[in-house]
Amino acid sequence: MPAPRTYLLAEIARRIDGELLGDGNPEIRGIATLRHAGPDDLSFLTQSRYRAELATTRAGAVLLAREDRDATQRARIICADPYLAYAKVAALLSPSPSPVPGTHGSAVVDPQASVGSGTQIGAFCSIGKGAVIGNDVIVAPGCVIGENVHIGDGSVLHGNVTIYVGVKIGQRAIIHAGAVLGSDGFGMARDGEGWRKIPQTGGVLIGNDVEIGANTTVDRGALDDTVIEDGVKLDNQIQIGHNVHVGAHSAFAGCVGIAGSARIGRRCTIGGGSVVLGHLEITDDVHVGAATVVTKSIRRAGEYVGLYPLQDRTVWARNAALLRNLDKLEKRVRELEAVLAGSKKSRS
Amino acid sequence: MPAPRTYLLAEIARRIDGELLGDGNPEIRGIATLRHAGPDDLSFLTQSRYRAELATTRAGAVLLAREDRDATQRARIICADPYLAYAKVAALLSPSPSPVPGTHGSAVVDPQASVGSGTQIGAFCSIGKGAVIGNDVIVAPGCVIGENVHIGDGSVLHGNVTIYVGVKIGQRAIIHAGAVLGSDGFGMARDGEGWRKIPQTGGVLIGNDVEIGANTTVDRGALDDTVIEDGVKLDNQIQIGHNVHVGAHSAFAGCVGIAGSARIGRRCTIGGGSVVLGHLEITDDVHVGAATVVTKSIRRAGEYVGLYPLQDRTVWARNAALLRNLDKLEKRVRELEAVLAGSKKSRS
Amino acid sequence: MPAPRTYLLAEIARRIDGELLGDGNPEIRGIATLRHAGPDDLSFLTQSRYRAELATTRAGAVLLAREDRDATQRARIICADPYLAYAKVAALLSPSPSPVPGTHGSAVVDPQASVGSGTQIGAFCSIGKGAVIGNDVIVAPGCVIGENVHIGDGSVLHGNVTIYVGVKIGQRAIIHAGAVLGSDGFGMARDGEGWRKIPQTGGVLIGNDVEIGANTTVDRGALDDTVIEDGVKLDNQIQIGHNVHVGAHSAFAGCVGIAGSARIGRRCTIGGGSVVLGHLEITDDVHVGAATVVTKSIRRAGEYVGLYPLQDRTVWARNAALLRNLDKLEKRVRELEAVLAGSKKSRS
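Residue numbers (this note's numbering), protein chains in the order written: chain A, 1 to 348; chain B, 349 to 696; chain C, 697 to 1044.
The set of hints was computed from the structure by calculation and includes no laboratory data.
Treat each hint with caution, since some may be false.
As the list claims (entries may be wrong) - Coverage of chain B stretches by chain C, computed from C-beta distances (three or more under 8 Å per stretch; other residues unrestricted): (1) 373-386; (2) 410-420; (3) 539-550; (4) 562-574; (5) 583-591; (6) 681-690.
All C-beta atoms in this analysis are idealised placements derived from N, C-alpha and C, irrespective of residue type, glycine included.
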C-alpha cells in the first residue's frame, strides 16, 4: 500500500466541493469513525444514531450534511452527501496502489501475449498465448490467465485469480483473490441414466469499472456470452451462471447466486445470500432483500423480499408445523364461513 | 481451445442418428441459438416458447423433435431429443482440448510421483510424493497436488486447483479452477469453553466422469471416506461435508451445501442454494428445488420444495409478521370453532 | 502425513484420564467406527442409535460413557465424554504433520520479510516485504502472503491461500486451501447513477487457535479492523464482511455469510447456509440453526431458527400461495369474529 498522504482541511473542502466552517489549517492525516478519530483525523456523521458521538469525538474536523450544519461547533465541512464525501476524502488520503512496472522473473508470459506499459506482473503468474494485458495493470502473484484473455488499462487482479480462455475485461476492473472468470457453465443433457456435457463455447464480457469479490465465480456462456456491464459491483463468493446479463451499476452483496440466462437490469441491488432463478428477467431499479429467492420475473421497480422470519426454536417449530398445514387451516376457516353463511340464511 | 471443425449436415445427421430432411450439403461450422444463428450454423428448438423464431432464423439447418417435423421447411434433422442432439453436435464441432504432452519447466514434480504418457503439467504446479497422475491428463497452471493423490486417465484440472493428500479421482474428471478436494471436515469436540480438533483421517473417493465446479469444496472423511460416485455433476461453489455419499449421476446446481454424513441417492438433482442437513438420507430419483432446506430424510422419489415466496417488501412484512404468530391465528380459528360448536349445541 | 503411531490400550487410558476395564495390553493402531473397526482399532459409542453395533463390532476396545459402563464386556475405557476422548485419542494416533524446515527453492521471499526457525515454505509461495512468519509454521505451495502480514508460531496454511497486506494471524492457526483473508470490504457510496469505491483501510486480526475452512473469505475493515477472536472455528465457504467481530470459541458451519459490522458473541454456533445481516449484535451463547436469516439483534442466549419447511412440491405450492395471502386469511378470521360477536350481542 502506498504511504498515506496528508492534506490541509481547507484543501480537502475545496477538493470535495464542500463548505468549510471553522479553521481550515489543521493537517488531516486520516479518516476515522467519530469514536476512534484523533486530532489529525477527519470524521463524518452519516447515520443519526451516531449523533451523540459528535459531542465526545476527538476528531480534528467532521463532514456534515446541510441539515446538521450546527450540530457541532468544531471545524467541519458541510456537503450534500457526507457518505459520498467520506468516500472521496478516503480516496485522497489512501490512494490505491500504483503498479511497479515490470514482470517478475518467475512469471511465464507466452511470447504471443502482449503486456502494456506501466504494467506489473507478479511472481508465478502464467499468461497464455494471445492474451492482451493493458497499460498500468497490476497482476498479483499466482494468477492464471488463459489464452486470448483481454484485460483493460488500469485494472488490478489480486492473488491466485484464474481467468479462462477468451474472457474480456474492461478498464479499471478490480478482481479480488481467488475469483474465477470464464469457467464452464453448468450445461448438460440427460443421456440415459447419466448426463452428456454441453461444450460451453460462449465467452464472458466484463465492462469498465467492475469490481469482483474474492472467490466469486462467473461462468462463460453456453453459446452466447455472459455479460457484466459497466460499473457493476459483485461482493465475495457470488456465483454468476452462464448467459446471465447484469445491467450497468447493479450491485450484489456476498454469497448471491444467479442461475443461468437470468437477465438483471441496471442499478439493481441484491442482498446477501439471495438466489435468482434462471431464464427470468428483473427490470431496472429493483432492490431484492437478503436471503430472498427470485422465482419469477420482476417487471416493476421496487423492493422485494421473501425470507422466513427468525424465531426462538420452540416457537418456530410450532409455527412451521402450522405453515406445513396452512391449507388445512384455510379449510377450517372456509368451513366456519359456510356454517355462518348457512346459519345467517336460516335466520333470515 | 482447439480450432473448431466443420461437418456436412448429412454427416452430422448420420453421427447423431437423426433423420435428415432437405439438403444435406451445407457445411456446418457452428451451433447457435435460433436468434443468433447464421447460414453456416446449425440451430435447435428445445423449448416451445422459441417456436416463433423458427420463422425468422437465418440458421442453415435446425434440430427438431419428431412432433415438430413440419414446423419449418428449411433443412432439418429430426431426432428423439433435440437437446441431447444439440449436446452431441456441439461436442463434434467444439471438441474438448487435448493435452499438449509434457511437464512445464517450472513445475515441481516429486521424484516419487508418477506422471502418465500424453499428460500435460502446467507451470507452477506442485505434485507430491507418491502421487499418480494417469495418461492424457491436463493439469493447468497453479495446481497443488498432495502426496499419494491419484488422478485417472483423461482428466482435466483447471487453474489453481488444490488437492489434499490421498484423494482418489477417477477417469475423465473435469475439476474447475479454485476447487479444493480433501480439506479437513469440520469435526471437533467441545472441550471446556473451546473446541478440540478431531483429526480427519478419512479420504475422498471420486468416481469416473465426475465434473466439479469452480471454487467447489469437498471435505475428506473423519474416519471413513467421502464418496462421489460415477457421473456426478457438481456446479460452482458447492460445499460437500465430510463422509457425505453422493450416488451416481446426481447433479447439484451452484451454491448447494451438503452437511456431514448425508447420504444422497442416484440420479438426484438439487437446485441452486439448497442445503441438505447432516446424517440424513435421500433416496434415488429425488429432485429438490432451489433454495430449499432438507431437514429430514426423504424416502420417496419425487419433487420437494421449501422456499419462502417473494413479495413486495410491504406485503412481505405484513405476512411475515402473521407467520411469526401463526399459532395465535390458529388459536383464534379454534375459538371460533368452539363458539360455533357451542351455539349449534345450544340451538339443537 | 506423518506415519501413525501405536499405543498400548493401557497407555491410552492413562493419557486421556479414563478408567480401563479389561486387558490393557492390546496394541492400538487406529480409531474407527464400531462398524468398521478391527482388532487393532479403538472404537467409541457417542450416540445411542449405534448401541446395537456394540454387540457385533470387531474393535479391540471401546470408549464408553460412564452410564454405558456395562454395555459390553470387551476391553473398554470409561470416560466422562467419549466424543472428546475420541478427539484426544485420534490426535495421539494421527498427530498433525510437523514442518520440514526450509524454504523451497522456487519460493519468492522478500529480503525484508522474516521467516522463523523450523518453518517450512512450499513451492511457488510469495511472501511480501515486512511479512513476519513465526516458528514451526507450514506454508503449503501456491500461497500469496502480502506485505506486513504476521503469522504466529505453529500455524499451517494449506495450498493456494491468499493473505492481503497487513493481516495479523495468531498462533496455531489452520487456514485451509483457497481461503482469502483481508480482501476489500464491500464499501461504496452512490455517486450519480454509479458507485464510488470507499478505500478499505482497516485490517484483519485473527486470534490464536483459529481454524478457517477452504475457500472461506474474510474481508478487511473499512476503517477499523475485522476481528476473529481466539478459538473461533470457521468451516468452508464462509463469508465474513468488513468490521465483523466474532467472539472467542464461536463456530460457524459451511456457507454462512456474515454481513458488515455484525458483532457476534462468544461460544455462539451458526448452522450451515445461515446469513447474519449487518450492523446487528448477537450476544454470547446463541445457537442459530441452519439456513436461518438473523434480521435483528439477538440479546438473549438460546436457540433460534427460521427456515421454511420442506414439502412435496404440490403441497408446497398450495401452502406458499396461502402464505403469500396470509393477510387475507387473517381478515377472513377477523370477519368471522365480528359476525360472531354481532350475533352473540344480538342474542344477548
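Inset, instruction - Hints the structure violates: just list their numbers, smallest first. - result: 1, 2
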